[in-house]
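Order-wise, the sequence lines are chains A and B. Quick note on the numbering used here: the first sequence kicks off at 1 and runs consecutively. Quick note on the numbering used here: the second sequence kicks off at 1001 and runs consecutively.
These aren't lab readings, by the way, just hints derived from the structure by calculation. It is possible that some hints are incorrect.
As the list claims (entries may be wrong) - Each pair of labels, with its calculated beta carbon distance range:
1. A:Leu136 with B:Asp1405: 33 to 39 Å
2. A:Pro142 with B:Glu1024: 20 to 26 Å
3. A:Ser277 with B:Val1059: 38 to 44 Å
4. B:Asp1107 with A:Pro126: 36 to 42 Å
5. B:Glu1217 with A:Leu92: 52 to 58 Å
6. B:Val1059 with A:Gly148: 19 to 25 Å
7. A:Glu187 with B:Gly1079: 39 to 45 Å
To be verified - Stretch by stretch, here's where chain A covers chain B in the computed footprint (C-beta under 8 Å, at least three residues):
8. 1057–1063
9. 1066–1073
10. 1369–1378
Backbone N, C-alpha and C define an ideal beta-carbon position, used for all residues, glycine too.
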Amino acid sequence: MPAVKTDNRGLRLVSRYAALSLVAVVFIFPLLFMVMSSLKPSAQLLLDTKSLRAFLPVGDLSLANYSDAFARAPIGVFVFNSVLVTGVTVLLCLFVCSLAAFAFVFIEWSGKAVVFSILLATLIIPYETIFIPLLLMASQLPWIGGDGFELGWLNTYRVQIVPFIADALSIFLFVQFFKDLPKELIEASRVEGASWWTIYRRVVMPLSGPVIATAAILKFLFMYNQYLWPLMVVQDESIRPVMVGLGYFTDQLNVPWGEVMAYLTIITVPVLGFYLSLQRVFISSVASTGVKG
Amino acid sequence: MNKLCNATALALIACAGIAHGETELRLWYHGAGSANAEEKLVNQLVVDFNASQSDYKVVLETFPQLAYNDAVGAAALAGELPDILDVDGPIMPNWAWAGYMQPLGIDEAALEGFLPGAIGRWNGKVYSVGLWDAAVAMTARRSVLEANDIRIPTLAEPWTRVEFDAALATLKATGDYDYPLDLGMAWKGEWYPYAFSPFLQSFGGDIVDRAAYQTAEETLNGDAAIAFGEWWQDLFAKGLVPGTSQDAADRETGFLEGKYALSWNGNWAAMPVVERFGDDALFLPAPDFGNGSVIGGASWQFGISASSAHPDGAREFIEFAIQPKYLAAFSDGTGLIPPTVEAAAETANYKAGGALEVFYGLSEAQAKLRPVTPGYIVQAKVFEKALADIANGADVADTLDAAVDEINEDIQSNQGYGHN
């Protein structure tokens, strides 16, 4: 009888791995298609889409699409801009939103519930609906910089960063996570005379790795994929991000698909790198909070 | 005292600098990443203009075409339009109506002899001028037509509808081709109104009634339009042309590879045909479906933004740009049609006896502008959808009626688009 038991366990293991492999394949195939297509001439690429050849390194393979893509657009500049804008926004967002959440969870102040409700209500407003008033505002905002006082933030890095530092979703994630932290820790720190800033810095944040990773990844993806806002506020090619750069690969009638795939492969690298570096913390966060990325 | 003298001297130098400094003019151009000679030529034009005088300095800002119109709309909203705008011919009336552009104000004598498609007019005023135009032709091979006893049409005597339909049937019957005709259905968007509305116009219909641009009733759903719609649907139903799911690669190379006997394509795609087939290559006029042989006209043009503080400088740049040597350089570099005879004579392909000379004749004789109305940007999309639906088997009359309703509602909701 023990032998039968072992067989069942083995069968279950095989089934589980088969199912997981199937899911993995579904997720990997688009990436595989992108990378393989980036190595093929456009005509072959389109012909291959009719069969499984689309996912295989077969036919006339070369890096020509990559060199053509670099010749067509300043890809390095676009990637640098996106990484800079995204990185700065993510860091500032983590700081500002965690501070806000800290105030919502640990500090007592009147009207907290109402303000938090209003904050959550903004989650249902799509960003696109506020872009026009935001654009008008950004075009008139004052700034004191190297050239002295000036009006208007258009065509700058800051106009791509500042409007997205604070967001309700990140605050909500931090609030949910902070609520589950042991209250005794905070109370003990207060009794020992620690300031709110010290508690935030020394007690709360060191325990918040999973939610920091989750908020960082979600914010990273949102910022890295920005298209409409930078399209509206940036006219200077030298500060354009990657998604607007995708437009360099289409004209009125023709799309050089091989170059498009090469460009997509290049700009996917930072996203994959960022995700993989935070993967473990992100998964533990999803497992513990039930938040879906 | 020395310090005072130095300060005074510096102030005087600064004042002199302002007095003799160049005024900066911003120029927006749609072709970033176009990977052809056009962007380089625009760059060269700017460099030459800046070197030619000392009052103005043009600064070029390039945008990907996909994002260009949206970027202009956003900039207009924020009051950040540049001095000089690059604008697609059929879009220009919308931008003029919306207050993005001001009349060009250049002496119209300077535009004498330009192809009509290269001049953008709205409400009786010139708002933009193009350094080139484009034309579409029925690409064919002499040997194929002669082998099948099909008459080779001319500008003076294009194919009639009967002749054209018979030619398609004959070519299909040979069994030598996947399809007798390639219309370029793999291309979407502006290709539809640009390439196919001339067929409708030749039938006697149009996208909108051009008498006042206030309705599409009768023009887009009258007898002529329905006749066009039924003919259009038959092309697909009878397997004479590839459908809306045509492979983009086939569009690119199908004619060269012998998959199609005829190809409805633009002059920008003509050189590979000439290189492949030499003297056997033919670029034929559009068939005459009863109201003349028609092709689309107008391409990208330069204009002055309404908010430009230096329209004189912008005008000076545009006048500089339309010199024959630049018109010829753009044509040689891009393969597009130079807008004047004088410039054509300086080009390699469009001079008398040049490989693409025929396109100049086609553009001059047959080009018809797409509806010159701010509402065109909506009408073009409605027309595209209607044609795709009909190609895929939708009821012709119902589809055109629905298109008319949509166009008319748009015109009404925009209070007639300000037509005088």
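For each hint, the structure was consulted:
1. A:Leu136 with B:Asp1405: 33 to 39 Å: 34 Å, holds
2. A:Pro142 with B:Glu1024: 20 to 26 Å: At 22 Å between Cβs, range holds.
3. A:Ser277 with B:Val1059: 38 to 44 Å: 40 Å, holds
4. B:Asp1107 with A:Pro126: 36 to 42 Å: 50 Å, violated
5. B:Glu1217 with A:Leu92: 52 to 58 Å: 57 Å, holds
6. B:Val1059 with A:Gly148: 19 to 25 Å: 21 Å, holds
7. A:Glu187 with B:Gly1079: 39 to 45 Å: The hint (39 to 45 Å, Cβ to Cβ) is violated, given that Glu187 (chain A) and Gly1079 (chain B) are roughly 55 Å apart.
8. 1057–1063: Three-residue rule met by the region 1057–1063 of chain B, so holds; n is 3.
9. 1066–1073: Contact hint for the region 1066–1073 of chain B vs chain A: holds, 4 residues under 8 Å.
10. 1369–1378: violated (count 0)
Violation of the numbered hints given earlier is confined to hints 4, 7 and 10; the remaining hints are satisfied by the structure.
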